[in-house]
Structure formats: structure tokens, C-alpha cells
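Engineer: Top line first, the protein sequences correspond to chains H and Z. If you're matching positions, the first sequence starts at 2 in the numbering used here and goes up one per residue. If you're matching positions, the second sequence starts at 495 in the numbering used here and goes up one per residue.
Check each hint, because a few of them may be wrong.
[Claimed, not checked] Below, simulated SDA-like cross-link-like pairs (lysine to any residue); rule was C-alpha separation at most 20 Å, straight line: (1) K177(H) - V498(Z); (2) K177(H) - V508(Z); (3) K178(H) - V535(Z); (4) K96(H) - A60(H); (5) K177(H) - P531(Z); (6) K178(H) - A514(Z); (7) K567(H) - S543(H).
[Said to hold, decoys possible] Computed spacing ranges between beta-carbons, pair by pair: (8) L263(H) - L513(Z): 40 to 50 Å; (9) L513(Z) - K92(H): 47 to 57 Å; (10) K92(H) - V499(Z): 47 to 57 Å; (11) V535(Z) - L786(H): 43 to 53 Å; (12) L513(Z) - A758(H): 46 to 56 Å; (13) L529(Z) - Q712(H): 21 to 31 Å; (14) P226(H) - P531(Z): 28 to 38 Å.
Please keep in mind that the hints were generated in silico from the structure rather than gathered at the bench. Predicted, not measured: the structure shown is a model, and the values here were computed from it. Glycine included, each C-beta is placed from N, C-alpha and C at the ideal position.
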Amino acid sequence: MFSQPKTQAVRATCFHCGEPCPDAAFAQDGKSFCCFGCQTVFSLLQENGLEQFYQLQAAPGTRIRATSAAAKWAFLNDPAVAAKLLDYADKTQAKVTLHLPAIHCVACVWLLENLFKLHPGVGHSQVNFSRREAAITFTPDKIKLGELAALLAGIGYEPELTLGETEKAKPSPWRKKAWLQIGLAGFAFGNIMLMSLPFYFGLDRFNGPWFKAVAGWLSLAFALPVVTFSAADFWRAAWVSLRQRTITLEVPIVTGLAAIYLASAGEVLAQRGPGYCDSLTGLIFFLLCGRLFQKKTYDRLTFDRDYKGFFPLSVVRKNAGGEASVAISQLETGDHLILRNGELLPADATLVGGDACMDYSFVSGESEPVTCAAGSHLYAGGRQVGGAIEVETVKAVAQSYLATLWNHEAFRKPRDHDLDSLTNRYSQRFTKLVIGIAIAAAVFWLFKDAGQALKVFTSVLIVACPCALALAAPLTHGTAQRLLARMKIFLKNTLVIERMAGVDTIVLDKTGTLTGADARGVEFLKAEGRMQNEETKDGVLSAAEISWIGSLARHSTHPHSVRIAKLLGTSVLPVRHFEETPGGGIEGELAGHQLLLGSRTWLEQRGIIICSNRGDVAPTVSGKKLEPPHVGSYVLVAIDGQLRGSFSLENSLRPEVAQLLSQLGGRYELALLSGDNEREVARFRQLFGERAILKFNQSPADKLNFVRELQQRGRKVMMVGDGLNDAGALKQADVGVAVVEQIGIFSPASDVILDAAELPKLAKVLEFSRNAARVVRAGFVISVLYNLVGVSIAAAGFLSPIVCAILMPVSSATVVAFACGTTAWLGRGLQVKKLKVESSIRPSLQPAAFNLQPLAKEAA
Amino acid sequence: MNVVVVLILASLVVALLFLAAFIWAVRSGQYEDTLTPSLRVLGEDAALKKTIVISETKSKNQ
């Protein structure tokens with residue numbers, strides 16, 4: 002039955018988990034395994050008749066590193082602990098829902114739902130694939146909770162426990178309630194429609210007045226639970242908005258609902274007609290459908306975030322050979338990470354070495370950094386201040402958590418709080434206008450024909466259905482955000498698109514943004530006229546000094562430091578009293594020597610005498626001519642108060658930057674900010690054009706002030722930076738774009754995270770955002786046109802229920818189709834990288850990656 | 495025209511039955527997770543095939 006790998010060669014892969022087998026020590030039934038753990042699981046499954054696990058997908062297991070000790074889970078046997086986790090328990094059975102992050106394919110679902118075959122104490126188990134949860138019923142007498150957890154961990158599904166945390170709150174209730182609300186509204190809508198149809202076509206004449214009464218009363222009865230239960234959320238939202246003294250879209254909706262219901266009741270009582278309950282329930286039904294559609298879109302977005310490598314960020318992981326930069330989605334628990342100054346901890350971890358000083362301001366709002374001792378627990382979202390530390394992760398990276406952090410209150414733009422977003426602005430005006438028209442029409446009819454007044458008033462409110470208006474913006478923005486995320490451009494929230502469309506000035510940071518970072522083009526130049534000492538005869542650095550500088554540079558994430566560290570190799574020496582001055586330099590004590598690494602002005606402030614009359618330490622080494630137009634930056638080195646020379650870093654621009662700048666230059670005002678000196682002014686003048694503002698020697702505070710000044714002059718500023726020296730400016734700007742690379746550090750101050758490789762697409766992205774804003778406006782125009790037609794008919798007193806019932810869903814459907822369709826069509830030009838993104842996903846995390854090949858073979 | 499009343503009542507009873515069925519379905523969690531059942535069915539299919547194969551071989555052996 003098994004489609005077993007017959008090649009028992011050196012390159013054999015584990016039959017259980019698919020990882021390469023280091024040696025042939027673990028083999029059974031002609032199948033090879035990578036470790037004892039995997040082999041144990043295989044024999045366990047085989048003994049219990051669960052071999053089908055391996056037929057559903059090739060190598061479906063997760064790697065079992067070590068057979069997990071049952072003692073690890075023993076604490077769960079404590080009744081007090083178990084009570085926190087159990088959903089339900091009595092003497093004979095208990096039920097628990099466990100989060101098992103390892104669930105990744107159809108075979109997992111099958112195996113976990115056949116768990117009862119592995120242990121007699123396990124009863125029914127049911128998997129929720131999208132939430133990666135398994136609900137398991139078991140008999141506490143036969144298997145304790147701790148034993149159950151150990152059993153799951155033993156077959157590769159280690160439960161992730163959230164003991165005593167608030168996360169225990171289940172996210173399900175809204176779904177159940179939303180379905181019930183929609184179902185009820187749809188049910189009432191359909192049935193009332195059936196009874197109303199005869200009236201539309203005048204067929205009620207055949208049945209006499211009693212039919213009118215029956216239909217009216219039945220409609221009222223059906224509509225009552227719809228108005229109270231299905232529309233409950235609208236009532237609540239309207240109440241909240243009124244208490245805050247604002248008018249949101251919900252206010253006219255509920256006013257309309259109440260008015261229509263009361264008017265219908267009045268009509269039925271007076272035996273004048275069957276009322277308008279058909280329109281009323283239809284309105285609520287379509288509103289709820291629109292809302293569900295919206296929520297589904299958002300859910301999809303968060304799912305993509307969680308499982309599709311949302312952030313293109315990486316951290317430095319320590320492995321046997323040294324250090325390597327890995328994407329955070331590839332991290333596993335137990336990994337050792339190196340966290341440098343200013344870097345954010347992506348997952349909960351314990352401190353292994355270094356002086357940790359964690360800044361939890363993003364997490365707790367507490368701005369005072371906390372000093373932690375070795376072995377202490379560090380929480381995800383903390384930012385290291387000071388030298389590099391080594392940590393061991395104890396939890397998996399929760400990308401959704403980082404996303405939450407990104408949207409933290411502290412990083413909100415003040416404008417988000419204003420009613421500045423398109424929808425709010427339009428809906429405020431719209432709402433007031435509709436209420437105004439309704440009242441005016443009612444007053445008019447009051448004098449002309451008092452009986453018509455209430456009818457006209459309500460019909461204006463109904464026909465002016467704002468649901469199309471409410472849908473246009475979220476749907477367009479949601480679609481746009483998703484398209485951009487596919488090409489590694491991540492927006493903090495949908496509001497960013499609107500702000501991006503309004504930008505008229507683009508400020509670019511130089512280092513790390515326009516220039517890349519690799520070790521090429523870095524050179525050490527000795528200081529001129531310096532006294533030579535015995536140790537270093539020719540003034541060049543000794544091997545020990547090189548390793549000091551390398552070790553110091555390792556602690557910083559600044560592109561210059563990274564390049565120097567790459568040049569000087571991987572030596573790791575302990576650094577004491579590490580300190581980084583953003584925009585200045587880094588300092589620290591190594592082997593009793595005081596090292597300074599930074600810009601000329603910063604070193605001068607620290608009392609270093611720089612005996613050179615040139616702009617920088619003049620490069621006169623080995624007869625190389627490095628006079629202008631040589632382009633590059635200099636980082637000066639001083640050891641124990643003595644200037645030793647400088648590193649010359651040749652600045653190679655990222656590819657296509659020139660093209661990007663010329664594309665942007667036509668439409669936007671450009672500015673360049675750089676912490677470096679003016680050496681390269683001519684080169685950048687050429688790139689940026691005559692009008693652009695070029696500023697050099699800028700400190701982080703200068704950058705922030707520059708952005709603020711522009712804004713005070715009424716400019717909408719987009720700041721593009723690397724998120725380290727310009728975090729303040731990124732936050733101040735209307736749109737802050739953080740350009741990240743392999744050395745990407747997560748900067749919650751930014752609104753957009755852009756993969757450095759995608760930088761040349763910035764012009765296209767801006768164009769796309771402008772178009773998206775246009776789509777939203779066009780959506781508004783469409784819905785306003787529908788409303789104009791509807792409102793004028795209603796105000797004229799010709800409200801016919803059938804017109805109302807047709808106009809309303811058609812207008813919503815048009816807007817939805819228009820918003821999604823046009824945005825997707827506009828984004829088609831951006832889709833080039835789609836395949837590449839898909840392939841970079843870890844195969845085990847692909848939600849729909851179940852492999853049908855084994856099944857197909859069997860069928861054949 | 496009494497037949498109309500009878501028809502309306504009959505249709506109402508049927509409609510209410512369906513509403514009750516819908517409420518029961520939502521309450522029992524059938525709308526909670528719409529992805530897993532689509533995966534589960536693949537596993538069941540394979541299990542079924544396997545039992546068929548086994549029973550066939552058994553019958554051959556007999």
C-alpha cells in the first residue's frame with residue numbers, strides 16, 4: 002500500500018517528516034527516519050492501524066526533535082490548572098479545546114480526528130483547521146489532561162497553552178450571532194415579500210379587505226424580531242454615536258427603521274394597507290449581508306497575515322556555524338537570536354546573555370526601559386536598548402501580534418482620530434443632507450396633503466440607503482491592501498491608502514534607503530599625521546583592534562555599522578557600556594579600551610582632535626586617488642581618545658533609484674535628508690533635479706523638524722526611511738514608509754513596510770493609491786446617483802415598494818462589484834511578483850497545500 | 495377565498511420549520527468552521543477506499 006521511497010541512498014528523507022536523514026541509523030520496514038522520535042511515531046501509528054496518515058500526504062508529520070517528556074505536561078494534571086483549560090468537565094467525561102499550531106494538512110485533520118484509536122481514554126475529537134484547534138472529548142479516569150497533552154506532543158502536535166491569559170476568550174460568538182441575524186432577516190424578507198407581491202400588482206382586489214389585514218398583521222409579526230434582534234447592532238452603534246454627540250451612518254438607518262415600522266403599524270391599524278415591512282426587512286437583510294461580506298474580507302486579511310509570512314522581517318539567528326539572518330516566519334521555539342540595539346523581540350523569549358534593557362513602550366505604554374537579569378522572561382514586542390543580547394525564544398512568532406502592535410494607539414496619527422477619512426467625511430454630509438431632505442419633504446407634504454407626510458418622510462429615509470456608501474471605501478481599501486501585501490508592501494491599515502493618495506511631498510532618507518548595504522566598497526583609511534606607536538607601526542589597525550571594532554559594530558543596526566561588521570568578520574567580544582547616539586555614532590568599552598565609531602561632528606563633541614583641514618579625514622592611503630567625484634560616507638574610528646582613521650563606505654545606489662526619482666519628480670516635490678556630510682551634493686542634485694531640497698548633516702531631530710515644517714506649510718508629506726534614525730520623522734509624516742532589507746527592523750512608527758527590493762515600484766504604488774482613492778469617490782458618485790433618483794421619487798410622493806426594493810440591492814451590488822472589480826483591475830500591473838511571494842512561503846504553512854498525489858496514485 | 499388562508503398557513507408552517515432547522519444548524523456550530531469539513535471528506539474518502547480494497551482482498555482470500 003505504501004508508496005515508499007525505494008532509494009536508501011545518502012540523500013534519503015524521513016518517511017515521517019520529509020527532512021533529510023543524517024544517517025541510516027533509524028530504519029524500519031524499509032523506510033528511513035531522521036530521528037528516533039519520528040520512528041517512534043511511525044511505529045505507534047502503524048500498531049494502531051493509522052498508516053493512512055502517510056497516504057493522505059507524502060511525509061505529513063512534523064519533526065519530532067526529542068521524545069517529549071511526559072513530566073513536562075504533568076502540571077496539567079493539577080485540577081486547578083486543568084479547570085482553567087477545560088471547556089466542560091463532569092465525572093465521566095471532559096472536553097478541552099487545544100491550539101495545535103502544527104496542524105497543516107489534510108492528514109493532520111484525519112490523524113487528530115482518529116486520536117481515539119491511539120488511546121482508549123480519548124473520545125470524539127474535532128479539528129478546526131483555520132483556527133488550528135482541536136476539540137477533544139476524553140474520559141478523565143482513563144487519561145489525564147497532562148497525559149493527553151503529552152500524547153499530542155508525542156505525535157508532533159505540541160499544544161500551545163494560554164494559561165491564565167485573556168486570550169482564552171473565544172472569538173466565535175459574533176459569527177453565530179451574525180448568521181442568526183442574517184438568517185432571520187432573510188427569512189422574514191422572503192415571506193413578507195410573498196405576501197406583498199399581490200399588492201404590487203393589484204391582485205389583492207380579488208381577495209377583499211380581510212386579506213390586506215391578514216397580510217399586514219403577519220408582516221408586522223415577522224418584522225418585529227428583525228427590527229429588534231437582527232438590527233440590534235445598528236441600534237447599539239447609533240446609541241453610542243449619539244452619546245458621543247456625533248452622527249454616524251447608523252443614526253439615519255435606525256431612524257428610518259423606527260419610522261417605517263411605526264408607519265407600517267399605523268397603516269395596518271387604520272386598515273389602509275399592508276405597510277412597508279417588505280422594504281424594511283429587505284433593507285436590514287441587505288445591510289447585514291454587506292456587513293458579513295466586509296467581515297469575511299477582513300478575516301481573510303488576518304488569515305493571510307498570520308499564515309503567509311506577513312512581515313518581510315528577519316532577525317539574526319545564532320547557529321552552530323555562526324550567525325545567519327532568517328525571516329521571522331522561519332523561527333522556531335528554542336532558537337537563539339541576537340537582538341541588537343533598537344531591535345524588536347518578535348516572540349517571547351528568555352535572556353541568555355548580554356545586558357538586556359527592554360523598552361516595553363509599545364506593549365504596556367511604560368516608557369522607562371526595564372533592566373533584566375539573565376534567565377528572565379522577555380515579552381514579544383519589547384525593544385532592546387543598548388548592546389546586543391542573546392535570547393532563546395520560548396514561543397512561536399505571532400505575526401498577528403506584531404500586527405496588533407503596529408496598530409497600537411501610540412502610533413496612531415492624530416488625523417486618524419479626526420473625522421478625516423473619506424467615508425466619514427462623506428457620510429456626515431450625506432446623513433445631514435438626507436435628514437434635511439426628509440424633513441423638508443415632510444413639511445411640504447404636511448401643507449399639501451397631511452396624510453402623505455409621514456409616508457414621504459419615511460420613504461426618503463429608506464430609499465436613501467447609505468449601505469452602498471458605507472461599502473465603497475472599506476471594500477476598495479481592503480482589496481487594495483491585499484493586492485499590495487502580495488507584492489511585499491504592507492500597509493498598517495486601510496486608512497493609509499487614503500493618506501497616501503493625498504501626498505504631495507516625498508522626503509527620502511539616504512543611507513539604507515536609497516543606498517543598499519553590503520560589505521563591498523568598504524575600506525579602512527588610516528588617519529593622517531597621527532603619531533605612530535610601536536604596536537601598529539604603519540598606523541593600520543592591529544588584528545585585536547579589528548576584532549574590537551567588528552564586535553562593537555555588530556551591536557548596531559545602522560546600515561554603516563552593518564557594513565563595517567560584515568567587513569571585519571564574525572569575531573564576537575563582550576562589549577561593556579554600549580551606547581548608540583542616533584545620527585551620531587556608537588561607543589563601548591572592549592578589553593578595557595574605549596572605542597568610538599561615528600561621524601566627525603559626533604567625535605569632535607566627544608573631544609577627539611581631528612587634525613585634518615578637509616571635510617573629513619582625507620583619504621591618502623596607498624596612493625589611491627579618492628578625491629571627488631568619489632561618492633561615499635566616512636565613519637571615523639577612535640580608540641582611547643585617539644583618532645585611528647576612518648572607514649570609507651562607497652555608497653552604491655539601489656538599482657533603478659534614478660528611474661524612480663525621475664518618475665516621482667514629475668508629480669511630487671522631492672527632498673533628501675541625510676545624516677552624512679555634503680560631499681555628495683552634486684551627485685544627488687543631479688538625481689533629484691533643481692527644485693528639490695537637499696539637506697545634509699541632519700540629526701534625527703532635524704529630520705523630524707523638517708517634516709513638521711513642511712506640514713505646517715500645508716504639505717502632505719511622505720517620509721521614506723529605514724526606520725532607525727528617522728523613526729520620529731516617520732511617525733510625524735502623513736505617511737511613513739519603512740524600507741526594510743535583510744537587516745530589517747520592525748518599526749511600529751511607520752505606516753508602510755516596504756521590502757527594499759520593491760523600492761523602485763514606489764511610484765507605481767503611489768499611482769495605484771491615487772487610483773484607489775478615485776475608485777472610492779466614483780463609488781460614492783454611483784451610490785449618490787442612485788440615491789438622487791430614489792430620493793426624488795420618494796420626495797415627490799410616488800414611493801412604490803417595488804421600486805424601493807429593486808433600487809436598494811441593485812445599488813449595493815453595483816457599488817460592491819465596481820469597488821472590488823476596478824481595484825483588482827487597477828492592481829493588475831502590480832502583480833509581477835506574485836509567484837515569487839507564493840514560493841517563499843514555508844510549505845508547511847500553506848493552508849491549502851494538501852497534496853492529493855497519493856490519492857491519485859491509488860485511484861490509478 | 496378560504497383556500498388562500500389555508501395555503502398561507504401551510505406555507506408559514508413549512509417556512510417556520512426551515513427557520514427552526516436553520517437556527518438549530520447555527521446553534522450546533524455548523525457555521526463555525528466551513529473549511530475543515532471540506533478537508534475531512536478527503537480523509538474519509540481514502541478510508542472508504544481502503545476498506546473496500548481490504549474487503550476485496552479478504553473475499554478473494556476466502
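Engineer: Hint by hint, say whether it matches the structure.
Structural biologist: Results for each hint:
Among the hinted pairs, K177(H) with V498(Z) is inconsistent with the structure: their alpha-carbon atoms are about 36 Å apart, more than 20 Å. With a C-alpha separation of about 23 Å, the suggested pairing of K177(H) with V508(Z) is violated against the 20 Å cut-off. For the hint pairing K178(H) with V535(Z), the CA-to-CA distance comes to about 27 Å; that exceeds 20 Å, so the pair is violated. A threshold of 20 Å between alpha carbons decides the hint, and for K96(H) with A60(H) the separation of about 30 Å lies outside it, so the pair is violated.
Between the alpha carbons of K177(H) and P531(Z) the distance comes to roughly 17 Å, so the proposed pair stays at or under 20 Å and holds. Restraint check: the Cα-Cα separation between K178(H) and A514(Z) comes to about 15 Å, which is no more than 20 Å; the hinted pair holds. A hinted pair counts as satisfied when its Cα atoms are at most 20 Å apart, and K567(H) with S543(H) qualifies at roughly 17 Å. Between L263(H) and L513(Z) the beta carbons are some 25 Å apart, a value that contradicts the proposed interval 40 to 50 Å.
As the Cβ distance of L513(Z) to K92(H) is approximately 37 Å, the hint placing it in 47 to 57 Å is violated. Our hint of 47 to 57 Å for K92(H) and V499(Z) holds, since their Cβ atoms are close to 54 Å apart. About 46 Å separates the C-beta atoms of V535(Z) and L786(H), a value consistent with the hinted range of 43 to 53 Å. Against the hinted window of 46 to 56 Å, the Cβ-Cβ separation of L513(Z) and A758(H) comes to about 55 Å, which satisfies the hint.
Taking the beta carbon of each, L529(Z) and Q712(H) are about 46 Å apart, not inside 21 to 31 Å as hinted. Take P226(H) and P531(Z): their Cβ atoms lie about 30 Å apart, and the range 28 to 38 Å holds.
Consistency note: the structure conflicts with the earlier hints numbered 1, 2, 3, 4, 8, 9 and 13.
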